[in-house]
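S.K.: Sequence:
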Amino acid sequence: MSKNYTPPNQSLFGQIFDSILILALVYASLMLPLLMKEDAKAEEPTVAAEVVVNTWESLGQNEVMQAQWVKLGHNPDSAAAIINNRFDYTIDPMMLLITILVVVGYFVVMLKVSDKQYREVIAEKFDN
440 MSKNYTPPNQ SLFGQIFDSI LILALVYASL MLPLLMKEDA KAEEPTVAAE VVVNTWESLG
500 QNEVMQAQWV KLGHNPDSAA AIINNRFDYT IDPMMLLITI LVVVGYFVVM LKVSDKQYRE
560 VIAEKFDN
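In the working numbering, the protein residues as written are 440 to 567.
Worth flagging that the hints you see were computed from the coordinates, not collected in a lab. For clarity, every value in this text was computed on a predicted model and none was experimentally measured. In this text, a Cβ means the ideal position worked out from N, Cα and C, and glycines have one as well. It cannot be assumed that every hint is accurate.
[What the hints assert, rightly or not] Have a look at the derived ranges for each label pair, beta carbon to beta carbon:
#1 Val552 with Ser497: 51 to 61 Å
#2 Gly453 with Ile522: 46 to 56 Å
#3 Leu473 with Asn523: 19 to 29 Å
#4 Asn514 with Val552: 50 to 60 Å
#5 Gly544 with Val491: 39 to 49 Å
All chains, please: the whole structure from these sequences, using the hints.
M.R.: Dropping the structure here:
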């Protein structure tokens with residue numbers, strides 16, 4: 440004769456706490472890289488700004504490109520910030536290592552917790 444397994448119930452407070460915790464962790468994980476990038480920018484030395492006159496030619500834009508920029512409502516000065524801001528694809532080895540450690544650590548913790556819960560369910564179901 441087998442017992443019917445009934446999983447433990449989580450209280451309303453526990454559910455709300457878990458939801459808020461997950462939301463806070465997701466928000467923090469998305470904001471952390473932005474905050475770290477702002478800190479890095481703040482540490483850069485300031486240099487006296489030079490007055491630069493931007494033209495479509497100095498930005499490397501041909502007539503077709505110029506027409507598209509104008510359709511988007513940009514002039515050479517407003518387009519210069521977009522054109523000259525290239526994506527930075529460099530990888531910071533320390534941040535990569537931290538990311539790998541966090542992911543592997545999370546995986547190991549989930550395996551340990553899952554193994555413990557699996558053994559508890561099997562013990563409840565089959566041990567009399």
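S.K.: Sort out which numbered hints this structure fails and list those numbers smallest first.
M.R.: none
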